[in-house]
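K.L.:
The chain contents come next:
2 protein chains.
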Amino acid sequence: MTTSLERFYSVIPAGGIGSRLWPLSRADAPKFLHDLTGSGTTLLRATYDRLAPLAGADRIMVVTGRAHRSAVEAQLPGIADHNIVLESEPRESSAAIGLAAAILSRREPDVIIGSFAADHVIRSSRQFRSTVAEAAAAADAGYVTTIGIQPTEPAIGFGYINSGENLGIESSPNALRVRSFVEKPDLSTARRYLRSGEYLWNAGMFISRADVLLEELGRSEPGLRDGLLELAAVWDDPALRGPAVDRIWPELPKVAIDYSVAEPAAKAGRLAVIPGHFDWDDVGDFASLAKINSGGRPSDLAILGENARVLADSSSGIVVTQTERVISLIGVKDIVVVDTPDALLVTTRENAQRVKSVVDALKLSGRGDVL
Amino acid sequence: MTTSLERFYSVIPAGGIGSRLWPLSRADAPKFLHDLTGSGTTLLRATYDRLAPLAGADRIMVVTGRAHRSAVEAQLPGIADHNIVLESEPRESSAAIGLAAAILSRREPDVIIGSFAADHVIRSSRQFRSTVAEAAAAADAGYVTTIGIQPTEPAIGFGYINSGENLGIESSPNALRVRSFVEKPDLSTARRYLRSGEYLWNAGMFISRADVLLEELGRSEPGLRDGLLELAAVWDDPALRGPAVDRIWPELPKVAIDYSVAEPAAKAGRLAVIPGHFDWDDVGDFASLAKINSGGRPSDLAILGENARVLADSSSGIVVTQTERVISLIGVKDIVVVDTPDALLVTTRENAQRVKSVVDALKLSGRGDVL
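Chains H and Z are the protein sequences, given in the same order. Using full-length UniProt numbering, you'd call the opening residue of the first sequence number 1 and step up by one each time. Using full-length UniProt numbering, you'd call the opening residue of the second sequence number 1 and step up by one each time.
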């Protein structure tokens with residue numbers, strides 16, 4: 001008999017531009033292709049490296065857009081063709097993760113998959129992996145399992161998971177039942193969550209037996225599940241795959257896996273959560289990027305950019321630069337400056353969430369050349 | 001007998017980088033070579049055009065650095081060689097204006113000169129010229145004469161002139177005696193000045209008979225005056241000018257004309273001032289530039305740049321751009337963004353005066369390539 005980790009397969013959905021990180025993140029240079037920690041590694045590569053020790057680098061599947069194929073292969077040289085799933089167009093996370101589940105399930109009926117975003121930052125890889133191992137055990141026991149991050153502050157930028165009683169799974173002693181998912185709270189609610197000790201940050205990580213995930217998906221989105229199974233049935237046949245994709249993929253419903261799987265499973269008591277005691281951030285906006293890169297001290301000025309030439313006086317916040325220009329800041333607090341060859345953003349931490357609206361405005365005003 | 005305006009000769013000292021306008025103003029692109037009002041004209045050209053109607057375009061002398069010769073000639077095509085005085089190195093305003101006075105005085109002993117900075121902004125040219133005409137009349141009566149701008153607000157960025165009694169000059173009915181020059185005041189002092197009605201902004205304009213100016217200069221700086229007279233004596237001899245410049249110019253004392261001429265003359269009761277009722281600004285920093293270009297409304301965002309592509313949301317201040325980059329501002333108030341191909345400045349109106357310190361820091365840190 002194999003262990004749950006031996007049957008484990010990582011799935012990295014690498015989609016999403018990260019509009020709140022414009023002008024750094026773009027359609028042709030999405031967030032996961034950037035080094036956002038100054039480590040010298042893209043987020044995608046860091047995710048891959050973090051997952052490789054779990055069940056081997058040959059058991060990591062990347063689901064990404066056709067347009068990103070060469071960039072992804074450049075980041076992950078040697079990745080096998082059967083581990084790259086290309087979407088002809090974005091159809092949201094249920095389709096992306098569900099397709100991986102369906103393909104892998106056909107190849108290995110007892111596979112346990114774990115889905116991890118390509119563009120999050122995690123500090124302690126060892127802690128992360130031991131948590132995933134425990135989640136895989138809970139998944140093996142039949143639960144759709146998520147990892148909830150133990151909050152360290154009353155963050156308002158994340159969704160929360162309300163956790164309940166211990167599920168009593170022998171090989172997964174920390175697995176708790178999930179009562180519900182809750183949306184990003186306001187500050188006072190976030191404070192209450194933190195005090196209660198019952199809430200974890202929703203990090204969007206899902207670990208599940210592939211068949212269980214597809215069953216759960218079939219309950220809420222039967223058409224989507226059927227489409228994915230149909231695709232998977234021909235996926236490994238080069239002659240049939242293309243026509244099937246062209247016919248089926250564009251018709252699949254666009255729905256986030258949180259809504260199609262996680263929330264319904266939670267309602268039915270079939271969702272488990274393992275509390276994760278490691279540093280995690282979804283780097284959702286420049287305020288978050290500033291925090292990650294400044295050691296958490298609000299007085300700091302974080303600087304990101306290989307060739308950064310920054311001269312700052314009485315300034316805090318973050319400078320992200322892709323150019324070699326001298327950037328001088330004087331007396332600007334909590335500032336966000338993002339300097340790229342064709343676009344410049346100047347805002348503040350407080351306004352970081354509003355960056356997406358700029359992207360929308362640029363689309364509307366015909367300046368899509370910089371998106 | 002000729003009128004005072006017929007004997008008038010304009011002098012434009014075009015020196016000074018304008019460090020507080022870095023990274024727009026540079027050693028090789030000083031302030032006077034920029035269009036800072038969005039008019040499509042450099043400040044130098046606007047100054048020239050404003051002065052030309054006074055005594056004719058052929059009676060305007062520009063004193064500038066050798067390095068700027070071709071840029072100046074490009075701005076003022078057709079300017080005669082005898083109207084360009086080239087400094088081998090900057091030696092401050094007493095030397096620059098004094099040399100022009102000495103040269104012109106040799107060519108026309110009864111010349112009246114008027115010196116006007118190349119990099120100030122004046123709105124109402126007609127009002128300006130009638131004020132200069134009256135100043136020329138006061139100069140003809142033997143006074144070193146300045147034009148003081150009637151203050152419209154308690155500005156703290158300008159020096160002030162304390163004016164006294166009317167001098168009773170028939171052809172210059174508004175000429176007042178200058179009691180003293182005062183440095184840039186603090187806000188409460190500036191308010192008191194404004195209320196008193198006795199104070200005018202020092203716009204650094206000097207109108208004087210050339211011989212009177214040189215006499216006044218000789219009192220405080222006899223060595224400087226003698227050097228200038230020696231230079232002027234050979235200036236129009238091409239064979240002798242070069243060696244004289246090489247020998248004399250580098251040894252001349254560096255002193256502002258305010259200290260060498262204006263203040264001593266004021267103390268001795270020999271300085272007159274004509275109140276000027278026209279919009280004037282020395283564009284001393286980006287706060288001033290913002291004011292000039294925003295119609296004075298602090299809620300406005302001023303945008304300067306031929307190819308500006310600015311998208312602003314809830315932002316005020318000024319954007320100056322020399323590039324075609326999309327510049328997006330979100331929720332930044334009183335911001336100053338100066339975008340050039342090799343340097344970017346982000347500061348606030350309040351900190352505008354501190355820009356010079358950046359220039360100093362860049363010099364010290366070996367990043368003089370962007371100065």
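The reader is advised that the hints may include incorrect statements.
[As the list claims (entries may be wrong)] Keeping only pairs whose Cα atoms sit at most 25 angstroms apart, straight-line, the calculated DMTMM-like set for lysine to aspartate or glutamate is:
hint	chain 1	residue 1	chain 2	residue 2
1	Z	K363	H	D81
2	H	K333	Z	D300
3	H	K356	Z	E324
4	H	K333	Z	D110
These aren't lab readings, by the way, just hints derived from the structure by calculation. Source: prediction; values computed, not measured.
K.L.:
Are the hints correct? Go through all of them and say.
P.N.:
To see whether the hints hold, each was checked on the structure:
1. For the suggested pair K363(Z) and D81(H), the alpha carbons sit about 54 angstroms apart, so the restraint of at most 25 angstroms is broken.
2. Restraint check for K333(H) and D300(Z): satisfied, since their Cα atoms lie roughly 21 angstroms apart, inside the 25 angstroms limit.
3. Taking the CA atoms of K356(H) and E324(Z), the gap is near 22 angstroms; set against the 25 angstroms cutoff, the hint holds.
4. Our distance criterion of 25 angstroms between C-alpha atoms is broken by K333(H) and D110(Z), whose separation comes to about 58 angstroms.
Checked against the numbered hints given earlier, this structure breaks hints 1, 4; the rest are met.
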